[in-house]
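Enquirer: Take these sequences, add in the hints, and give me the full structure.
Number of protein chains: 2
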Amino acid sequence: MTRERVTLYDTTLRDGAQTTGVDFSLDDKRQIAAMLDDLGIDYVEGGYPGANPLDTEFFAQRPKLRARFCAFGMTRRQGRSVENDPGVAALLGSSADAVTFVAKSWDYQVKVALRSTEEDNLAAITQSVRAAVAREKEAAVDCEHFFDGFKDNPQYALACAVAAYEAGARWVVLCDTNGGTLPHEVERIVAEVAKVIPGDHIGVHCHDDTGQAVANSLAALRAGARQIQGTLNGLGERCGNANLTTIIPTLLLKDEYASRFEISVTREKLSHLTRISHALDELLNRAPNRHAPYVGASAFATKAGIHASAVLTDPRTYEHVAPETVGNQRRVLVSDQAGRSNIISELTRLGVTLDKDDPRLTRLLDEVKEKESQGYAYEGADASFFLLAKRVLGEAPHYFDIERYSVAVDRRFARNGFEDKGAEAIVKINVHGETRISAAEGNGPVNALDVALRKDLGAYQKFVDDVRLVDYRVRVFQGGTDAVTRVLVECADGEGNRWSTVGVSANVIDASFEAIVDAINYKLLVSGAR
Amino acid sequence: MTRERVTLYDTTLRDGAQTTGVDFSLDDKRQIAAMLDDLGIDYVEGGYPGANPLDTEFFAQRPKLRARFCAFGMTRRQGRSVENDPGVAALLGSSADAVTFVAKSWDYQVKVALRSTEEDNLAAITQSVRAAVAREKEAAVDCEHFFDGFKDNPQYALACAVAAYEAGARWVVLCDTNGGTLPHEVERIVAEVAKVIPGDHIGVHCHDDTGQAVANSLAALRAGARQIQGTLNGLGERCGNANLTTIIPTLLLKDEYASRFEISVTREKLSHLTRISHALDELLNRAPNRHAPYVGASAFATKAGIHASAVLTDPRTYEHVAPETVGNQRRVLVSDQAGRSNIISELTRLGVTLDKDDPRLTRLLDEVKEKESQGYAYEGADASFFLLAKRVLGEAPHYFDIERYSVAVDRRFARNGFEDKGAEAIVKINVHGETRISAAEGNGPVNALDVALRKDLGAYQKFVDDVRLVDYRVRVFQGGTDAVTRVLVECADGEGNRWSTVGVSANVIDASFEAIVDAINYKLLVSGAR
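Chains A and B supply the protein sequences, listed in that same order.
1 is the number of the first residue of the first sequence in full-length UniProt numbering; add one for each residue after it.
1 is the number of the first residue of the second sequence in full-length UniProt numbering; add one for each residue after it.
Worth flagging that the hints you see were computed from the coordinates, not collected in a lab.
Just so you know, not all the hints are guaranteed correct.
Since copy identity is lost for identical chains, a pair holds within one copy or between any two.
With a straight-line cut-off of 30 Å between C-alpha atoms, the simulated DSSO-like cross-links for lysine-lysine are [as the list claims (entries may be wrong)]:
id : residue 1 : residue 2
1  : K111      : K428
2  : K195      : K462
3  : K356      : K111
4  : K462      : K390
5  : K390      : K356
6  : K254      : K111
7  : K371      : K356
8  : K390      : K111
9  : K195      : K428
10 : K356      : K195
11 : K195      : K254
12 : K390      : K254
Treat the numbers as computed from the prediction; the structure is a model and nothing was measured.
Expert: Okay, here's the thing in structure tokens:
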């Protein structure tokens, strides 16, 4: 059976730029376009040339892409001819292969927002599309508020879509602009549109305001649409756009879709999806969503004891797809329900091979249980777990001893408030018989201790020069500050590696220092320091 | 037209406990149960009594809830009679009103995972439900892997569901255990089940592994199910469970659902949803998801530009529901209108009446904005917000000044490890012209500072003698320890009052001290100290 082609249209660089906290640089845009192209996306929407200097500069030279490169912008304004509209001119004169015009398709919006007439809006669609086609650009029309418009006035919404199609638009894209439409409504309305416009000219653009952008996109596909617009990692205004990082694996791995449709992303590329998703977050300095479908660090993680042994016996019990298909991996969390099989599977993931009958496994299990009873938690601290395992296995060199550390914070009220002198720390270590003492100031006690510890590690110094602390979290258990404090620290190095360690103590300073010392030891161990 | 009742079943305390990085304490569980009850959830599943000491302790005394309190656990094991199964005995003997048995419903799982027979599994369901009913507990059965089972062997999956129903289970819950089922499959399969079991006995339990847990739950509702299981904020194993924080507003605000169904959460309670969602994240020390539907900080945020002015002209353009309905607010960079009404509503909630034209409101708004730009967050720190408001209103007496504080931690390596001498603090305050200096030791620096501060407050001492610090949380923003640290402190007094305060600084010690000072000032203020 011939499978039908479904086209993927990415708007990370345009609608994704509306994400709170996301501010693309020119270089970000270039890198993201290259990522999308590498993944195999059909259309890469680059932005709105003419609307802002960044996008104008990005479009000044067409990036080298296999994908179609699209410019987004408005249809000609009311009261202007298409030839005399500078906005349209910027689109048509850009380096884009295709132009995506956004147009109102809700009569209410035409009147209230545009203060225009229904007829002029239709004419603007027709003329703008024709102008693009005349300039040999492929044209598409994003019908803004299509679903709300259709519910209010189906005739007019359809008239806008048909005007776009008849003027020669390759794609008529039905947009759920405010994101409130429900999947069964999308399915019903797309089916209506597919009666008058061929499905392989219909696209859909959904937002996640009811948590159903993915379901809405797939409902549109089922009803006949053949283009899906979305963004990587679901970036986008408010709650985000339809998440292509979720939709792509669903189309490739769920038989219902895979047997009927083909997309330009290959199974081979799919196995890079987790890496690409994380690379984008890294680029934008966002914490990746651990719980993201398919690509999240926890997407194939199992915590409970009975679930853990079941998933190892038969992955189908708790895995709807195989994690390798999307470049992710199974994680059986080491937790207080830790069992032998959990630990073996975690060690394997971290690259440590250990036979299940090795007597050292029992020692490691006992050690983990003892630590967890003290409040340690290794599920967020891979590096501490790795270090612990390597020590029990006798495979971790002893690099240095701590002889002393101290930290002090002193605040005295001066005329203009407290004098701000941060914190001071002293760390004394012994590296193979040689004592080294360092002092440092920091914004706070943990920062001061971190700087002091990494100031002079003798022969090991070169391994830790590029280490930096990137995240720091504290949780207190069983009541107030009298109780146990657990500190999780995340470090990074110059090559982009990240690792997490844990420290536990009644004293937040001791717990923090322990986690930092673990982080340094881990870095030395994986760097092969001797 | 009479609307049909849809029942909400929350499993935050059981399936939500499987979330990576989430580790409930007993007190967390109690607080979350109270939150769920306050919101108006019908069923609160508390955990698995008998399976671990925490859950056993939580169930030892029934929490005071209006909601039905449920215990979760397995049906009787293979080869045991229901009377002789200690797991079942723990469930039936618990303080729960209802017991939710989990049972296999996929013949493949019965054979592979349970190594049991189809017949024995059916008998286990029947006998376990009957035993619960005989003990006057309401019974439910979670049919594990129901959708995968149904696709594989519909007769057997249905037989399990029918066995549960016929034995007297109030609810037969169809579980998409590995989360891979698609909405149209859920709709079709639930419709099949509804032919043999009345819809108002059918529940659904979905996971978000394809990003469609919400759509799946609503698809089940459309096909006839009348109970939805989920968790607050979509907590849960792997990608999480169906997010009740998304489903509840959709059921109440989308006419398609609101006109057909009624739920126990009122419109009034819905307006607290954002606060409840954030309070849960605060409690668990998780960063709230800015992009969460309805309750995310960005859910109604518009970046400045054409969208911003459009949303101010006509909110319908970019808002599918009104943000106030869920207690959220529109965030448009050009307007502080939302801020103003939000602050009034927060003040009202805390018992402070202020007219919207009072000029002090502008000062308070400016102060809050300034503080929030520095990293303060008042959502989890009511007492600090109350104090700030009372100060701006000129209604908070000035009790004391801090002249100095210092804290030191010093560790030296002795023969048997570090000598543990905790931390030492000195606090010097001025109470109406009289200087008082106190020193204290503590397990850690925060504890030492807390004890020293409350050692001698002169005439105010009697108000703070029974104050104790009960929770302490730290989060660092923008990278490592160089960034801003936010500390949340919760205190309690002898009468069972609890209050939360916040401190922010680059230095964790300063931030902690600030929060403690706020906590003491709050206590003095509400005690009527002069």
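Enquirer: Treating 30 Å as the Cα threshold, decide for K195 and K428: within, between, both or neither.
Expert: neither (75 Å within a copy, 75 Å between copies)
Enquirer: Could you place K462 and K390 in one of the four classes (within, between, both, neither) given a Cα distance threshold of 30 Å?
Expert: Only inside one copy: K462 and K390 sit 22 Å apart there, 54 Å across copies, limit 30 Å.
Enquirer: How would you label the pair K390, K111 (within, between, both, or neither) given a Cα cut-off of 30 Å?
Expert: Result: close neither inside a copy nor across copies, 66 Å intra and 38 Å inter.
Enquirer: Checking an output row: K371 and K356, CA cutoff 30 Å. Within, between, both or neither?
Expert: within (21 Å within a copy, 55 Å between copies)
Enquirer: Within, between, both or neither: how does the pair K111, K428 come out at a Cα-Cα threshold of 30 Å?
Expert: neither (71 Å within a copy, 61 Å between copies)
Enquirer: Is it within, between, both, or neither for K356 and K195, if the alpha carbons may be no more than 30 Å apart?
Expert: Neither, since 56 Å and 49 Å both go past 30 Å.
Enquirer: Tell me, please, which holds for K390 and K356 at an alpha-carbon limit of 30 Å: within, between, both or neither?
Expert: within (16 Å within a copy, 64 Å between copies)
Enquirer: From the Cα coordinates, with 30 Å as the cut-off, is the pair K195 and K462 best called within, between, both, or neither?
Expert: For K195 and K462, neither the intra-copy (68 Å) nor the inter-copy (71 Å) Cα distance is at most 30 Å.
Enquirer: With identical chains, the pair K356 and K111 could be close in the same copy or across copies; at 30 Å between alpha carbons, which is it: within, between, both, or neither?
Expert: between (67 Å within a copy, 25 Å between copies)
Enquirer: For the identical chains here, do K390 and K254 meet the 30 Å Cα criterion within one copy, between copies, both, or neither?
Expert: Close neither inside one copy (39 Å) nor across copies (56 Å); limit 30 Å.
Enquirer: How would you label the pair K195, K254 (within, between, both, or neither) given a Cα cut-off of 30 Å?
Expert: both (27 Å within a copy, 27 Å between copies)
Enquirer: How would you label the pair K254, K111 (within, between, both, or neither) given a Cα cut-off of 30 Å?
Expert: Close across copies (25 Å), not inside one copy (43 Å); limit 30 Å.
Hint compliance for this structure: hints 1, 2, 8, 9, 10, 12 are broken, all remaining hints hold.
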